[in-house]
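**Student:** In case you want the letters, here they are:
There are 4 protein chains.
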Amino acid sequence: MSFNSFGNLLKVTTYGESHGTAIGGVIDGFPAGLKVNFEAIQEELDRRKPGQSKIVTQRKEPDTVEFLSGIFDGITTGTSIGFIIRNTNQKSKDYNHNTNVYRPSHADYTYDKKYGIRDYRGGGRSSARETANWVVAGALAKQLISSININAFTSSVGDIFIDKPYQDLDFSKTESNIVRCPDATSAEKMIDKIKEIRKVGDTIGGTITCVAQNVPVGLGEPIFNKLHAALGKAMLSINAVKGFEFGSGFCGAKMKGSEHNDVFNEDGSTQSNLSGGIQGGISNGMDIYFRVAFKPVATIMSAQQTINSDFEVTEITGKGRHDPCVVPRAVPIIEAMTALVLADFWLLNKSRKV
Amino acid sequence: MSFNSFGNLLKVTTYGESHGTAIGGVIDGFPAGLKVNFEAIQEELDRRKPGQSKIVTQRKEPDTVEFLSGIFDGITTGTSIGFIIRNTNQKSKDYNHNTNVYRPSHADYTYDKKYGIRDYRGGGRSSARETANWVVAGALAKQLISSININAFTSSVGDIFIDKPYQDLDFSKTESNIVRCPDATSAEKMIDKIKEIRKVGDTIGGTITCVAQNVPVGLGEPIFNKLHAALGKAMLSINAVKGFEFGSGFCGAKMKGSEHNDVFNEDGSTQSNLSGGIQGGISNGMDIYFRVAFKPVATIMSAQQTINSDFEVTEITGKGRHDPCVVPRAVPIIEAMTALVLADFWLLNKSRKV
Amino acid sequence: MSFNSFGNLLKVTTYGESHGTAIGGVIDGFPAGLKVNFEAIQEELDRRKPGQSKIVTQRKEPDTVEFLSGIFDGITTGTSIGFIIRNTNQKSKDYNHNTNVYRPSHADYTYDKKYGIRDYRGGGRSSARETANWVVAGALAKQLISSININAFTSSVGDIFIDKPYQDLDFSKTESNIVRCPDATSAEKMIDKIKEIRKVGDTIGGTITCVAQNVPVGLGEPIFNKLHAALGKAMLSINAVKGFEFGSGFCGAKMKGSEHNDVFNEDGSTQSNLSGGIQGGISNGMDIYFRVAFKPVATIMSAQQTINSDFEVTEITGKGRHDPCVVPRAVPIIEAMTALVLADFWLLNKSRKV
Amino acid sequence: MSFNSFGNLLKVTTYGESHGTAIGGVIDGFPAGLKVNFEAIQEELDRRKPGQSKIVTQRKEPDTVEFLSGIFDGITTGTSIGFIIRNTNQKSKDYNHNTNVYRPSHADYTYDKKYGIRDYRGGGRSSARETANWVVAGALAKQLISSININAFTSSVGDIFIDKPYQDLDFSKTESNIVRCPDATSAEKMIDKIKEIRKVGDTIGGTITCVAQNVPVGLGEPIFNKLHAALGKAMLSINAVKGFEFGSGFCGAKMKGSEHNDVFNEDGSTQSNLSGGIQGGISNGMDIYFRVAFKPVATIMSAQQTINSDFEVTEITGKGRHDPCVVPRAVPIIEAMTALVLADFWLLNKSRKV
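Protein chains in written order, with my numbering: chain R, 144 to 497; chain S, 144 to 497; chain Z, 144 to 497; chain D, 144 to 497.
Source of the hints: derived by calculation from the structure; they are not laboratory data. Fair warning: this is a prediction, and the values are worked out from it, not measured in the lab. Misleading hints may appear alongside valid ones.
Identical copies go unnamed one by one, so any copy, or any two together, can satisfy a pair.
[Unchecked claim] DSSO-like cross-link-like pairs, simulated, lysine-lysine; straight-line CA separation at most 27 Å:
id : residue 1 : residue 2
1  : K332      : K256
2  : K203      : K496
3  : K496      : K256
4  : K493      : K203
5  : K399      : K197
6  : K462      : K399
7  : K342      : K197
8  : K342      : K496
9  : K336      : K256
10 : K178      : K493
11 : K316      : K496
12 : K493      : K332
13 : K203      : K307
14 : K338      : K496
15 : K493      : K462
16 : K399      : K307
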């Protein structure tokens with residue numbers, strides 16, 4: 144239990160370093176009887192993979208997943224699902240200069256202090272490569288709760304924000320541009336921004352908004368596993384995330400009760416939805432929506448002062464192929480984690496009444 | 144496992160409805176050999192209790208905790224620590240009008256749909272009364288990790304914000320005013336704001352900032368139990384919380400890598416601390432700081448349209464004694480949850496090297 | 144997590160020392176909507192309580208359970224169920240002579256070495272008094288899975304064994320004698336044996352057999368939570384238990400495959416049942432039966448050599464009121480633990496198919 | 144959480160079907176800094192593998208483990224350790240006749256009823272092939288707690304028992320014969336017995352005794368994770384196990400307290416050791432010993448009546464290559480599971496005192 148597992152009834156356990164032999168995992172508790180759509184899983188991996196467009200890292204990794212167990216004749220059997228993604232692009236020499244240098248705002252220093260040893264190649268276990276495992280598991284979860292629609296999208300890059308509520312967006316447009324923003328005008332500006340930042344060897348932060356629709360009433364456990372707390376923890380597990388808010392979020396902290404309360408309609412729906420689809424930690428059937436903040440990628444292409452493991456001052460300049468902005472590739476990761484959380488609660492909910 | 148437990152090696156399991164016989168819990172995994180300061184625990188409960196000042200609910204509840212086990216001659220024995228807080232102020236008649244009416248933006252509707260039954264008296268299990276249990280456990284955890292300093296304070300009420308960085312505040316002043324804001328000027332404005340809001344029967348949101356200092360390097364599990372993810376989940380478990388950010392938070396999402404990176408000093412500390420004391424999910428020895436958003440209390444004293452359990456439209460007006468702003472009483476809750484998270488990681492960390 | 148919890152979806156967490164203020168616990172994950180039969184719970188406690196007959200300890204403890212939460216108008220609400228049993232018979236003076244003496248074959252020495260401190264009064268947490276908590280939880284679990292019949296009974300005391308297969312016994316006779324043996328002839332001999340042993344200040348071991356009938360097919364998780372492994376762990380958690388076998392048990396280790404295999408009937412039942420109702424860790428619908436071995440109670444009324452906490456040789460003679468044989472009072476404990484295991488798997492099973 | 148995980152701080156999660164692509168797992172919580180002896184791991188796998196001698200199945204499977212993560216330059220890093228064992232001997236045609244036939248005393252029927260689907264090739268997930276995963280993890284655990292000596296051996300086959308106490312055996316002789324019995328005379332008889340049984344197409348049960356020496360005082364959690372309860376659950380998780388006893392075991396149930404108590408020596412050791420090295424669920428520093436009963440292998444080479452999935456009566460005769468007696472190959476499995484249990488408690492124990 145050093146917490147390489149996520150979930151409760153639907154539990155994903157992962158392993159793998161960025162430049163090791165392979166990454167992979169075990170999906171435990173997946174119910175029997177689902178006909179698996181393997182293409183859909185690979186499509187999600189392709190949305191996350193490096194090299195997919197000009198505004199992401201130009202590393203080429205096919206990220207092909209191989210399922211090893213738990214699926215028989217294309218149908219889940221209820222036993223644990225093992226899977227593996229071989230690492231094919233292990234140009235460790237790009238990273239040799241980091242052997243004993245602590246990159247600023249990375250995990251190098253803390254891993255070293257915690258464990259006394261670290262795999263320094265490409266960030267090792269702390270690399271966002273790990274999230275490919277999550278996308279595999281999340282893609283399967285999506286198929287389990289296929290009646291729920293989960294749509295994430297880039298809502299800001301730097302100081303460029305979509306200036307519309309999500310209800311005015313057409314989620315089918317998210318994949319129509321490389322920044323994954325369903326608003327075409329904002330998308331163009333965001334792409335320009337990222338290109339410009341990359342040109343100067345710098346990086347930029349951004350936010351992603353996620354909307355889950357058609358969620359059944361009753362998901363979530365009301366005290367220490369509130370639906371929004373589980374979602375928040377999932378999102379804060381993603382590399383580079385600095386904040387999470389749902390419903391009215393931080394804006395809600397400025398409001399009055401008389402403005403904030405969601406008045407009920409006769410069918411149990413609410414007129415407004417500042418609650419973000421969750422009341423008392425439990426889904427109420429309205430849209431669940433939340434927003435996630437990503438810091439700028441820490442690896443930049445200009446020289447920075449730092450120290451090495453002997454506590455000597457030195458200098459580092461990013462090499463290799465890195466993302467100028469993490470947000471476009473993080474969209475499928477957020478959807479995957481959302482699917483895992485909702486599927487877990489969906490299974491848990493089956494045991495809640497006599 | 145309907146998640147009335149919090150923590151891993153240090154695990155707190157709770158029970159209790161607002162207007163039932165008692166609330167309480169079991170603290171499991173607390174190490175043997177700690178001399179317990181019972182007064183300090185009661186003081187924390189007193190900081191949370193109703194009726195403590197003019198800007199909080201005027202209910203009178205002594206919130207006296209009785210320890211039932213796990214402590215012998217004042218010293219923890221390593222066995223589970225049971226405790227109980229009897230409910231003494233059970234004026235259920237205040238709440239009788241809610242028997243079958245769903246209060247807007249409360250948990251009434253979702254509990255009813257999830258379980259098919261609910262204890263409607265004072266919110267039952269969804270009441271923030273539950274957090275008294277957390278304060279008991281957190282106060283014990285504070286004593287376990289007494290070298291770490293945890294200070295939370297009210298950083299905003301409505302649109303009144305402290306306009307200073309936390310480094311310029313004197314945490315010893317937090318308890319010097321009833322809104323628990325260490326900045327005297329802001330405190331006065333906040334108190335006025337709450338009084339004004341209460342006068343019109345309305346409520347208001349706010350934020351709390353928490354700073355943990357002198358945290359050892361190495362706390363946090365790097366994949367699915369990152370230190371900030373665990374803190375985030377803990378905070379999002381608190382009633383009325385809508386958002387969580389740490390370090391640069393949502394502001395970080397607007398920044399560039401060259402601005403955001405924390406450059407190392409020769410001793411391993413960093414010149415800036417936008418990371419918020421956590422890198423790769425693991426504490427790096429710098430101050431940990433985060434901010435939590437609270438929505439306005441949903442119970443207001445003016446009439447609102449709503450529905451009842453027969454899905455008929457009706458009207459509800461808050462009665463009884465409620466908080467106009469939850470933030471002042473939430474300060475000790477946030478400290479308690481922070482202490483529980485850090486103590487858990489502190490115990491976990493003992494097993495991380497051969 | 145020092146493992147004062149039992150179960151997974153239905154999770155019981157307990158606390159309490161033999162001579163502390165109270166014992167009690169929290170039952171988490173109990174589904175909403177069950178009308179609780181409180182009398183049935185107290186009856187189970189009465190079957191376990193001291194002083195109930197001439198062959199058990201003569202301590203008088205009413206063992207009255209008070210439910211504190213999770214039940215509203217007599218119906219479970221799905222929230223955690225807190226309960227407490229006050230300790231009324233705390234004659235600590237009976238135990239004062241044990242302050243720093245390690246009683247042979249008790250937990251005194253190991254608790255002291257593990258924790259550096261122990262509550263020496265009446266065994267503290269290591270006392271079988273703890274099992275009253277289990278009986279409360281198990282009695283509730285029994286009501287949840289009321290279609291399953293669970294019958295435990297004394298199958299041997301010392302070298303006196305029932306010489307019939309359990310199929311020839313009438314379980315309704317179990318409570319008709321104080322040793323809880325449904326075979327009247329054996330019961331009489333067992334009672335005589337225990338009286339004789341008590342007279343000389345000695346104690347005696349025994350075995351209990353438990354039969355669960357009408358168990359649905361499919362309970363049990365096939366790898367690391369096999370139904371028999373969970374039952375085995377539950378039984379081995381009971382004080383004084385030294386062994387567990389199910390189905391053919393240790394006798395099966397002497398048999399040949401051609402003798403041991405259970406041939407199927409056309410309806411899926413089997414002609415023999417050496418499997419003990421479990422195949423591959425999963426219930427097959429046949430009777431589940433198993434046998435549990437209890438050592439003799441370690442407290443005897445004659446002088447024994449021992450050491451104290453300063454590692455000096457000393458002598459100890461049992462005082463106070465102790466059971467000459469633990470088996471009669473352990474029958475309801477075994478039923479309770481069996482009910483908890485089966486109810487947990489019954490809940491888990493709801494999530495196993497799409 | 145369908146329980147493909149074992150352990151707490153040291154947690155092993157596995158996957159894999161007998162005739163799927165591969166088996167494997169993830170070892171989580173293994174501390175950083177151990178120099179891994181890979182040869183020793185492969186040696187343990189070789190002790191378990193098929194085809195190693197004339198009295199086990201003649202299948203040929205190399206069982207080569209590949210480590211995928213968590214080990215860098217031969218040293219554990221504290222991150223999760225992924226490993227995989229490719230299935231190379233997938234002669235599924237041997238098993239085609241079992242497509243829809245339920246083999247007596249196997250898991251076919253119960254898996255089908257529980258999940259509605261099963262991988263029928265070679266038993267799928269219910270195959271003992273899974274235990275190769277456990278041996279990998281256990282071999283690593285052995286290296287973590289290398290000061291503890293764990294020795295299992297065949298103590299009986301059918302009605303042939305070693306007639307000496309374990310203290311009179313030389314464990315270094317265990318590997319000197321193919322039945323893994325350290326007593327040469329008994330070993331010869333056991334081997335003859337198994338050969339004879341195999342000749343007639345039948346199978347035979349047996350028992351294994353395991354002794355753990357030099358275990359530190361204090362391992363074990365005293366209520367629901369007693370050391371012997373955890374060992375019992377581990378052993379009952381092994382395929383074909385029907386019973387577990389430790390210390391005096393079932394014999395203890397016939398004894399008197401005056402005979403059974405272990406009198407202390409001045410150094411805290413005990414004169415006798417009927418407690419089996421565990422008191423109150425916690426190790427006391429004496430030898431831990433226990434005995435495990437295995438039923439005869441259910442696949443026999445003679446015709447048996449059975450049913451198919453349409454509930455029609457049919458006949459089945461074992462084909463393929465099966466063990467006539469499971470015991471010789473189970474010896475390293477028992478040692479592996481014992482090592483996993485002890486290593487887990489060893490890690491847990493680090494958090495028990497302030």
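**Student:** For each hint, tell me whether it holds in the structure or not.
**Tutor:** Now for the hints, and whether the structure bears them out:
In this assembly of identical chains, the alpha carbons of K332 and K256 never lie at most 27 Å apart, being 41 Å within a copy and 44 Å across copies at closest. With identical chains, the CA atoms of K203 and K496 are never at most 27 Å apart, being 49 Å at best within one copy and 35 Å at best between copies. Taking CA atoms no more than 27 Å apart as the test, K496 paired with K256 passes between copies only; the shortest distance there is 11 Å, against 47 Å inside one copy. Neither within a single protomer nor between protomers do K493 and K203 lie at most 27 Å apart by alpha-carbon distance, with minima of 43 Å and 40 Å respectively.
Taking the closest pair of Cα atoms, K399 and K197 come within 27 Å of each other only across two copies (19 Å); inside a single copy the shortest separation is 45 Å, beyond that limit. Taking CA atoms no more than 27 Å apart as the test, K462 paired with K399 passes between copies only; the shortest distance there is 18 Å, against 50 Å inside one copy. Proximity of K342 and K197 under a CA criterion of 27 Å is satisfied intra-copy only: 12 Å inside one chain copy versus 58 Å between copies. In the homo-oligomer, the alpha carbons of K342 and K496 never lie at most 27 Å apart, since the shortest distance is 58 Å inside one protomer and 43 Å across protomers.
For the homomeric pair K336 and K256, neither the shortest alpha-carbon distance inside one copy (37 Å) nor that between copies (46 Å) is at most 27 Å. Taking the shortest Cα distances, K178 and K493 sit within 27 Å of each other both inside one copy (21 Å) and across copies (19 Å). When the C-alpha separation of K316 and K496 is checked against a cutoff of 27 Å, the pair qualifies neither within a copy, at 40 Å, nor between copies, at 35 Å. Taking identical chains as interchangeable, the C-alpha atoms of K493 and K332 are never at most 27 Å apart, the minima being 46 Å within one chain and 49 Å between chains.
In this homomeric assembly, K203 and K307 never come within 27 Å of each other (Cα to Cα): the closest approach is 35 Å inside a single copy and 46 Å across copies. Taking the shortest alpha-carbon separations for K338 and K496, neither the intra-copy value of 54 Å nor the inter-copy value of 43 Å comes in at or below 27 Å. In this assembly of identical chains, K493 and K462 lie within 27 Å of each other by CA distance neither inside one copy nor across copies; the values are 50 Å within and 36 Å between. With identical chains, the CA atoms of K399 and K307 are at most 27 Å apart both within one copy (23 Å) and between copies (24 Å).
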